[in-house]
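As a plain string of letters, each chain reads:
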Amino acid sequence: MGETVVKIANLVKNYKELRALDHLSLTIEKGEIFGLLGPNGSGKTTTISCLLSLLAYNEGTIELFGQPMTPTSYDLKARIGVILQNVAVFDELNVYENIDCFCGLYIKDKARRRQYVDEAIEFVGLNDFTGFKPKKLSGGLLRRLNIACGIAHKPELIILDEPTVAVDPQSRNKILEGIEELNKNGATVIYTTHYMEEVEQICTRIAIMDHGKKIAEGTSGELKRLIKNTETVTIEMKEVNNALLNTMKGLPNVYDVKWEAGRLKIYLAGGEHNLLNIMDALKTSGTGFGQVYSELPTLNDVFLEITGKELRDKD
Amino acid sequence: MFLHNLKYEIKMNLRAKEVIIWMLLFPCVLSVLYKVAFGNIYENGGIKTVPVAVVENRKDDMFRIMMSWMGESKSTHEEEESNLVKWLTKTIKEKEENESTGEEEKPLLFHAIYCREDEAYRLLEDGDVKGIIFVDADGVPADTDAKKDDAADKESDEEITEWGSEAVKAFLDELGEAGHADINEGISAADYLTSEGLTLEDMVEFKDMLNSSSRLSLKIKSNGMEQSSIKRFLEMYGTLIKITGKLADGGNSPGTKNVMDIVVIEDVKLTDGNTDQFVTYMYNMIAMVALFGMTVALHIALYSEANLSDFGARRSCSATPKFTTIMAGLCACCFTQIFCVSVCITFQALVLRVDFGGRLPLVYLGGAIGAIMGVSMGFFVGAIGRIKYEAKIGISMAVVMTLSFMSGLMVSGIKAILEMHAPIVNDLNPVAIVADSFYYLSVDADTGRYFGKLAAMCIYTVIFIALGFLLTRRRKYESL
Ligand SMILES: Nc1ncnc2c1ncn2[C@@H]1O[C@H](COP(=O)(O)OP(=O)(O)OP(=O)(O)O)[C@@H](O)[C@H]1O
Ligand SMILES: [Mg+2]
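Chains as they are written, first to last, in my numbering: chain D, 338 to 652; chain L, -18 to 461.
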């Protein structure tokens, strides 16, 4: 790929005692949808804030479009669109006015701004709500308005910090599709989330963060290839005995077996006929069982294997 | 970009409900309430009769006559009155009856109750009388926390003298007319006196009476309109006695004698119970609205500082410098606030017909600069660290209300107390500064003191805006 849009090198950020970012380095190329994945408190928002020169950081360098980023780099800022984690729209202004108000921070020309605002409204599908005040919008629509405010000026780099938190599936899909469309139109996107499904769905490249460190980076496929797990077979059964567990552990390619909450999980690394072997063993043992299914590794497995913990709490 | 921001800032300001309520409706409603309250007193002419106890440690006939002239009197201990007093009282009564041909009633200013000291105190405690007048008061604890009314005396001396001389003239004219009418009919003065049942000794007594007037003290329990009118009356009476004494003596009286001594039980200051009070309230009201600019301007820093709000973060990442958004915010708030103050002034001037000394444009100017001062204060408070926005609103409201209170918006007279004990407070209190600028406009012929107050407002504005910018100059934050 060509141009480097974001270059973060050895970024360290301390909040008093707490080290929120620990020698973080990221490079993002033009045209990517770059996913920043990490559990709550891993430092995603802190990274974005440093990137935007809102936060003072202790060490490291940040370059955008090949130039160092400072608080007064207004020419650089003009090329960025930001959608922060919390919705920030003015209650006193309606949908149209809010977008126009924020767009006006970038675009001086009135006619052009009007066109951009109309396009942004069209883009997020708020045509029917232009006269609505934010208080009258549902959570999903509000998020969409928030996004429209950040992208109306057609930035080259779009930064979204967890734009889908507390959004219903319909709005979420709309948002994700929109991001892909923006990307197709030429924008580079940085997308932070703790929903791995979203990252897998849209991101061209992913960095996984934990405790302010980047623990892995690559495409979804590359990340999954980092770990030995290739397949997880789950068998629903009411009870399990040690003999069965040992049999399963002895099967080829099986590297771990766990039984919890009525589910027997068998972790496999490569190889063939794995499911067949397992079914044979089950049959021989004569134990009763319910559903059996096989899953490919997810980013959660990647995270689990690298950090030893789940990416996020079950909800 | 500045104009774009300005447009939206103004839009947002004017759409905020609080602005409409606090800046436009509240002051107008309050003004009307004051108007109604004061209107009862000043417009219908129905001054409420003020009950007052009189404790005579020494009998002062002149004072008795005066009191009976001002209203009804009643005595708890019956006693014989001198010839002269009877005659004077009768003459005055007759004259009044002649005059009151129409439906107009004689205003009963006071309802005097002559009684013993202990009774008087009881009546005062029970609220049956509004004050106790001591005649030749030895009963007044001169040592203790009794507060003398020096400041107010000094302040209004001229006024009183003027008023006093007029009153004296009227009084003497009245006495004169009553006599003349008969004299013209060919009866000698001596005959006239005899026919009225008076002797020459009585006339000598009259002269003595004028010369040997008593020292008067006033004791009141609390502060208010009624107490003020008693005080007014005593001041007037004091002046009257001084002048009549001089006249009766052919100008050879031994100079001015301190006849007045006002004592307030419970350390409360007396007020000027005249229409000025209403006007003062109105001036304070405008000043309060101007200072409410504080609450309007709180959001300027909030919406521009990345560490204070998400709006701030959003704006801080934009292509518009912070200085531009802050300036736009300041200008928008000034605009909004000047608008609100102007509405308030216009309402008072046109609807309530408040007297601004015929200098309305200068009143608008003072109000506008006051509004800008209020906005600058709000900008400063808004820029202070990480206090919650709600807390800042609370703080500003409290500040404005306290300053207004000290300036006498709720209880008039507070300002006078401060003026006496710590005049610097009034000089520094922004609400008082704005209110005073209007006051000076209405009483001064020139505009020197008015512009002095405007200068004070400008100094405040510059200081607060400078401090505000100092606090918002940071571009990067340690934490968000
Ligand atoms: N202002 C602050 N002061 C002190 N510590 C902070 C501050 N902001 C964040 N932190 C800490 O820094 C760490 C990283 O926080 P950050 O907000 O960047 O996480 P995140 O990945 O965005 O999490 P989330 O998914 O919850 O948004 C956390 O441990 C958090 O507690
Ligand atoms: Mg976050």
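It is possible that some hints are incorrect.
Below, computed lysine-lysine pairings styled on DSSO-like, alpha-carbon distance capped at 27 Å [as the list claims (entries may be wrong)]:
1. D/Lys595 with D/Lys575
2. D/Lys344 with L/Lys457
3. D/Lys472 with L/Lys457
4. D/Lys473 with L/Lys(-12)
5. L/Lys(-12) with D/Lys445
6. D/Lys473 with L/Lys202
7. D/Lys367 with D/Lys353
8. D/Lys445 with L/Lys(-8)
The following residues of chain D were derived to be distant from chain L, with all beta-carbon distances above 12 Å [what the hints assert, rightly or not]:
9. Ala393
10. Thr398
11. Glu400
12. Ala503
13. Lys521
Derived DEER-like restraints, expressed as beta-carbon distance ranges [to be verified]:
14. L/Leu451 with D/Asn347: 52 to 60 Å
15. D/Leu612 with L/Tyr370: 57 to 65 Å
16. L/Phe432 with D/Glu459: 33 to 41 Å
17. D/Phe469 with L/Lys(-12): 18 to 26 Å
18. D/Glu559 with L/Tyr370: 43 to 51 Å
19. D/Thr556 with L/Ala447: 52 to 60 Å
20. D/Glu459 with L/Ser460: 37 to 45 Å
21. D/Asp446 with L/Leu333: 47 to 55 Å
22. L/Val13 with D/Asp465: 55 to 63 Å
23. D/Asp465 with L/Lys(-12): 23 to 31 Å
24. D/Glu400 with L/Leu346: 51 to 59 Å
25. L/Lys(-8) with D/Asp446: 41 to 49 Å
26. D/Glu400 with L/Tyr370: 49 to 57 Å
27. L/Ser460 with D/Asp505: 49 to 57 Å
These aren't lab readings, by the way, just hints derived from the structure by calculation. For every residue, glycine included, the Cβ atom is placed at its ideal position computed from N, Cα and C.
Status of the hints after comparison with the structure:
{"no.": "1", "hint": "D/Lys595 with D/Lys575", "result": "14 Å, holds"}
{"no.": "2", "hint": "D/Lys344 with L/Lys457", "result": "19 Å, holds"}
{"no.": "3", "hint": "D/Lys472 with L/Lys457", "result": "31 Å, violated"}
{"no.": "4", "hint": "D/Lys473 with L/Lys(-12)", "result": "23 Å, holds"}
{"no.": "5", "hint": "L/Lys(-12) with D/Lys445", "result": "13 Å, holds"}
{"no.": "6", "hint": "D/Lys473 with L/Lys202", "result": "57 Å, violated"}
{"no.": "7", "hint": "D/Lys367 with D/Lys353", "result": "35 Å, violated"}
{"no.": "8", "hint": "D/Lys445 with L/Lys(-8)", "result": "19 Å, holds"}
{"no.": "9", "hint": "Ala393", "result": "4 Å, violated"}
{"no.": "10", "hint": "Thr398", "result": "15 Å, holds"}
{"no.": "11", "hint": "Glu400", "result": "16 Å, holds"}
{"no.": "12", "hint": "Ala503", "result": "15 Å, holds"}
{"no.": "13", "hint": "Lys521", "result": "24 Å, holds"}
{"no.": "14", "hint": "L/Leu451 with D/Asn347: 52 to 60 Å", "result": "33 Å, violated"}
{"no.": "15", "hint": "D/Leu612 with L/Tyr370: 57 to 65 Å", "result": "59 Å, holds"}
{"no.": "16", "hint": "L/Phe432 with D/Glu459: 33 to 41 Å", "result": "57 Å, violated"}
{"no.": "17", "hint": "D/Phe469 with L/Lys(-12): 18 to 26 Å", "result": "20 Å, holds"}
{"no.": "18", "hint": "D/Glu559 with L/Tyr370: 43 to 51 Å", "result": "46 Å, holds"}
{"no.": "19", "hint": "D/Thr556 with L/Ala447: 52 to 60 Å", "result": "54 Å, holds"}
{"no.": "20", "hint": "D/Glu459 with L/Ser460: 37 to 45 Å", "result": "38 Å, holds"}
{"no.": "21", "hint": "D/Asp446 with L/Leu333: 47 to 55 Å", "result": "48 Å, holds"}
{"no.": "22", "hint": "L/Val13 with D/Asp465: 55 to 63 Å", "result": "44 Å, violated"}
{"no.": "23", "hint": "D/Asp465 with L/Lys(-12): 23 to 31 Å", "result": "25 Å, holds"}
{"no.": "24", "hint": "D/Glu400 with L/Leu346: 51 to 59 Å", "result": "53 Å, holds"}
{"no.": "25", "hint": "L/Lys(-8) with D/Asp446: 41 to 49 Å", "result": "20 Å, violated"}
{"no.": "26", "hint": "D/Glu400 with L/Tyr370: 49 to 57 Å", "result": "35 Å, violated"}
{"no.": "27", "hint": "L/Ser460 with D/Asp505: 49 to 57 Å", "result": "32 Å, violated"}
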